[in-house]
Amino acid sequence: VIVVLTGFLKTLSQAESLTCNKCTFGLLGVCLNQAEETCSTNTSVCFTGRATFPSLTAFVGFNTQGCREPSQCTNTTTGTLLGVTYESKIECCSKDKCNPITISGAPSTKMSLTVAITAAVLASVWGSML
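Numbering-wise, the sequence shown is residues -15 to -1, 1 to 115 according to mature numbering (1 follows the signal peptide of the UniProt record, and there is no 0).
No wet-lab data here; the hints were simulated from the structure.
Calculated cross-link-like contacts (lysine-lysine; reagent style DSSO-like; alpha-carbon spacing at most 27 Å):
no., residue 1, residue 2
1, K80, K7
2, K82, K7
3, K7, K74
Each pair of labels, with its calculated beta carbon distance range:
no., residue 1, residue 2, range
4, N18, Q57, 14 to 24 Å
5, T26, G68, 35 to 45 Å
6, Q57, T23, 12 to 22 Å
7, D81, A43, 25 to 35 Å
8, T49, T28, 15 to 25 Å
9, E54, A20, 12 to 22 Å
10, L66, T4, 32 to 42 Å
11, T23, S56, 13 to 23 Å
12, G64, L12, 16 to 26 Å
13, T4, P39, 25 to 35 Å
14, E21, L67, 32 to 42 Å
15, G68, T4, 33 to 43 Å
16, K74, Q19, 12 to 22 Å
Glycine residues also receive a C-beta, built at the ideal position from the N, C-alpha and C atoms.
Construct all of the structure, not just a fragment, from the sequences and the given hints.
Now the structure itself:
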């Protein structure tokens, strides 16, 4: 009886859990490893985190998605990386798969400029390390 009750409660708790889209790392507006994630508690929310560079308008930026606690939502920070200002923003929602994943990226012209900028930044970083 206890085993059946435990199994029922586990199934019930999973039915109430939130399912979110998960993207551990997205680049140039495209998720590189798309999956689904079931949040560990029913108080969790889905989130999308984006890091963008306001001065590089053609650069789509980086993103990550998944489950998160509500206290970590609606957070925006700014900083500087290699002399370029970036903005990091976290947005949350509370319905199943409410954080859609971008499967296809930016238009090709935007993509070419983004790749060129990314290559230049990486070359600069690697050059300063040598």
